[in-house]
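J.: One-letter residues, chain by chain:
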Amino acid sequence: MNNWHIHITGRVQGVGFRPYVYRLAAKQKLNGIVYNDLNGVHIEFLASKEVAIPFYKKLIEAAPTLAKITGHELYEMDDRSFEGFQILQKKEAKTAAMMLPPDFAICKNCRKEVLNNSNRRGYYSFITCTECGPRYSLIKKLPFERECIAMDDFKMCPTCGEEYSNPKDRRYHSQTNSCSDCGVRLSLMNNLREEIEPDSKLVIKKVVALWKEGKIVAIKGIGGYLLTCDASNAETIKILRKRKHRPSKPFACMYPNASYAEQELIISATESKSLTGEVAPIVLLRLKKKQASIALNDVAPGLDQIGVMLPYTPLYELLLQAYGKPIIATSANLSNASIVFEDIKVFSELAGIWDYVLSNDREIVTSQDDSVLRFSSIKKQPILIRRSRGLAPNYFGPISNCESNTILAMGASQKSVFGLLFQSLFYLSQYLGDLAFFESTESYKRTLRHFMNLLNCQPEVILVDMHPNYYSTEYGKQLATTHGAKLVSIQHHYAHFAAILSEHELQTKPEEVLGVIWDGTGYGDDGNIWGGEFLTFESGMINRLAHLSYVPVILGDKMALEPRISALAHSWENTKAMDILKEKFSEQEWKIYRKILAKGQSTKTSSMGRLFDAVACLLGIMDTQTYEGEAALQLETLAQRYFEQSNKVEETSYVSQISYIEEVPVNEIIEGVVKDLKYGVGINQIAYQFHYSLVKMIENVALTTNNEKIAFSGGVFQNALLVDLVQQFLGDKFELYFHREVSPNDENIALGQLAYYQTTKRDEISK
Amino acid sequence: MPKLDFDIITLGHGSGGLLTNKLLDSGVFHLFDNEQLQQRHDGAILELKGKTAFSTDSFVISPIFFPDSNIGELAVNGTVNDLAMCGAVPKYLSLSFILEEGLEMTDFWEILVSIKWAAEQAGVQIVTGDTKVVEKGKGDKIFINTSGVGQVHDNAKISLEHVRPGDKIIVSDSIATHGVAIMSVREGLEFETTIKSDTRCLNHTVTALLDNFGEDIHLLKDPTRGGLATVLNEIARDGNLGVDLNQKHLPIQKEVSALCELLGLDPLYVANEGIFMAVVKAEIAEKVVDKLRKIEHCSNAAIIGEVVENHINQVVITSAIGGKRVVSMLIGEQLPRIC
Ligand SMILES: [Fe+3]
Ligand SMILES: [Mg+2]
Ligand SMILES: [Zn+2]
Ligand SMILES: [Zn+2]
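Residue numbers (UniProt numbering), protein chains in the order written: chain B, 1 to 767; chain X, 1 to 339.
Heads up, some of the hints might be wrong.
[Said to hold, decoys possible] Sample of chain X residues at the chain B side, in silico, Cβ under 10 Å:
(1) Val185
(2) Lys324
(3) Leu335
Calculated from the structure, these hints are not laboratory results. A virtual CB, placed ideally from N, CA and C, is assigned to each residue, including glycine.
Next comes chain B alone, as it looks inside the complex:
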């Protein structure tokens, strides 16, 4: 008989790991203990070598589905004696090096129980077990124990307590355990903050009735409040749009269940798995026919896809089951600011947007939006649009060259995310909103403070974007001063490239890689605004190989808001294009803008996003947009329609030039588009040919440089058609790399900053 110690790291807390160990140990009649500490799960037990090793193997192999093991070891220890097998609580280590469990969607068993009227938890909206329920959003401090989470105020009733301490119960050591006798209480309130339905069983019915009446109800969920209403009621949706000042950005819908969704939407097996899994994100899906039970034109104007999710909490399960129809479920906020999660703010800042509030008395410690995911239609390549609930804050991708330093990467601005490397673990925060908004800066700073407190760490190195006017850069500089940390600024597109390189561990390989880094805006180290970049990775260095030819930047941020201005900047010397554009401007604008262009501008841009805008405008799709990427999304939609409707897709490209040095001309694309328009070629076809031309452009550049590996990053690659076409036409000729763990958009900048700092030769970047 020896005394053995097993140490397991990874996502092993808050996922039912200790009860799992207990059951396995009990089966083998082992004596010992299992406990969590800040470094993971520890098991100590007495056994002979013949028993210990198979037990260890089995333990790792059959781990609970929610667990993600990143490291494990078995070693012998000094003798000590145990009585039976026990779960203990221990907090010894001073610093934490553990993953934080994310918020999990309701599991099958709990779903069954909550819908079963005769179950003791039937109709209890906050049912959970060791395999489901909120985690990250409740964590106040570590480790994940009852007294450390936002359930600390709820004292378990005797029945719940019995479940908690009964090794045979599936709620054994379930930290979020509660029931309607002892747990969280719903409260349905009107805009005078008066509770209008005290009986919690009737609350569900009442909300359903309100939806039917066309009312907007703000519901407190996992990461914050969602604004909900009937998804078939065009009038109500119009009211919601007006109140939220959101004229056309699509709303997400929550469908009652998977089979209902399958009737109306085209759902592949991959997509279905994602919708019903433990993350349960919003998945962008196509509608089967026009007569769906939602008001498509109001839900997602001009688009063929909608964002769909299934009830991921018991409360939504009960509500949607009772309603039996899809609802709109969108983050409660103003514009693109962070999701509102504090009760008080729903009644102040969001007053006037909702008619009723369904709140509860459990605190949300950390706010999160719903994650958003889409898949390309042919290759089913997953594309993360927003990495948040269910996915953040752990990053499971490879982190090469780990330094022992604590490194804080501040990320970008419009899609703010920070990253923190601590004790060889990399935490990547959830999407924290657009830092142009005050609420987002608050949520960004609050979440960052929360992390440093949880992990008890201080940054030694702080990485910021080069853009001088990003709030994240400004705040990073402040933090560097406060903490005496080293400050390093990293170019935006180099960070994007490093992010995709690191996801596939390409920086550690000798082969050269071509980086196709396309987005809207990033500050270049020549003072221009970059965005259509071809970079190379070679001998540990990133270099700018080529870029879209520069066009003048005019009118500041207005250019990104108005595709017509991009169109003008791209084609003001093309008389045919000018004929098309003239009517899109007032006489005064026309005169002034052309004068500004003729005068010459010192700042220029190579933005691919602006090229999409320009083409969208020339095709008459829109002159001004109301949300980021709207014009590009509509352009993709039209191109996709053509791609699907024509049986034989012609391979016509607007790109003719074969080899490139430095500047990749965009004027031939503009000329080609304008010429086709004059010839009467259909808009959908031109939109498609534009997409195809970009694929050709990539191929030409790759052939010029003899690269076999091509890596893609930047917000433009949220375009699923482009991803499909790249794979279809270049897949046989090159090795292609797309993001998997993170979004191609600026959410990956924090990861990229870290990867760049760690693995790229960077004598020239420190400033």
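Assemble chain X with the ligands onto chain B, guided by the hints.
T.: Just chain X with the ligands now, kept in the frame of chain B:
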């Protein structure tokens, strides 16, 4: 304009020799004639009592002429207003020119006349000066430097240290007018409506406020280059305070607002002349605004926000539709940030 035997400035005019004397004798001295200048000393000998404020400002702008005004007036008002923002009554100015060879004498004269007029308006004397001429291409028509001294008002206690959470922020008149006027000329943009630059001296208005409200005026700022956003950010950063603004209350002329929109400019970052910003004790804020509104060129005075104790170091503006935005300190130009 006096009769001269030259009509453009040449290098000789800055030599200190005969030509310089000719230029000064026939024009400048005569124009600004006062006791101090008559002394013909190398410098001015002044008598000052009590606390004295001292400031300097250089003007290197293009264009040098713009709707209703020019660089000369700006140069006087610049230093006069800097002194006023210290709570001082400006008394004496120095005036120095760096002229580019080839400057038209008629242009120079027009500027000189403006300077004289502006000095009279502000009640200051030009007591010393200097003129240099640089080769063509080494300057840009005309650069002007002015320095000045003034006597600090007895009631003035102007300092960032006195600014407290709860204090109100007031602007004396519509914002962004000057910057848009300058731009319209510089960019050669012919706007249908001519927006006039509103450069003027502020010392009389400031004196009136100090007479009435004294130490309850906590801070005065001249939001010229970088606009209101910059001075407010300086207050937030240097004072370890937060600033809240309300977009609805920002006074701005309709045409100016429309042109800012047209040009993609945020009026908060557009340069101002002829207005000032005051941080005052909350209790007197309404009275200050009432008082200002009765003064010429201050009819659009308004309380635009307040100093707060949350969001330290940040300036936050509540938009007309309720969203809150961070008004950041711009480094360099307004570069695009939106993706
Ligand atoms: Fe980007
Ligand atoms: Mg000055
Ligand atoms: Zn469960
Ligand atoms: Zn209970």
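J.: Give a verdict on every hint.
T.: Comparing the hints with the structure gives:
Among the interface hints, the one on X/Val185 is violated; its C-beta lies about 13 Å from the nearest C-beta in chain B, farther than the 10 Å criterion. At about 4 Å, the closest approach between the beta carbon of X/Lys324 and any beta carbon in chain B falls short of 10 Å, and the interface hint on this residue holds. Restraint check, X/Leu335 versus chain B: the minimum CB separation of about 6 Å is within 10 Å; hint holds.
Figure legend: structure checked against the earlier numbered hints; the only hint not met is number 1.
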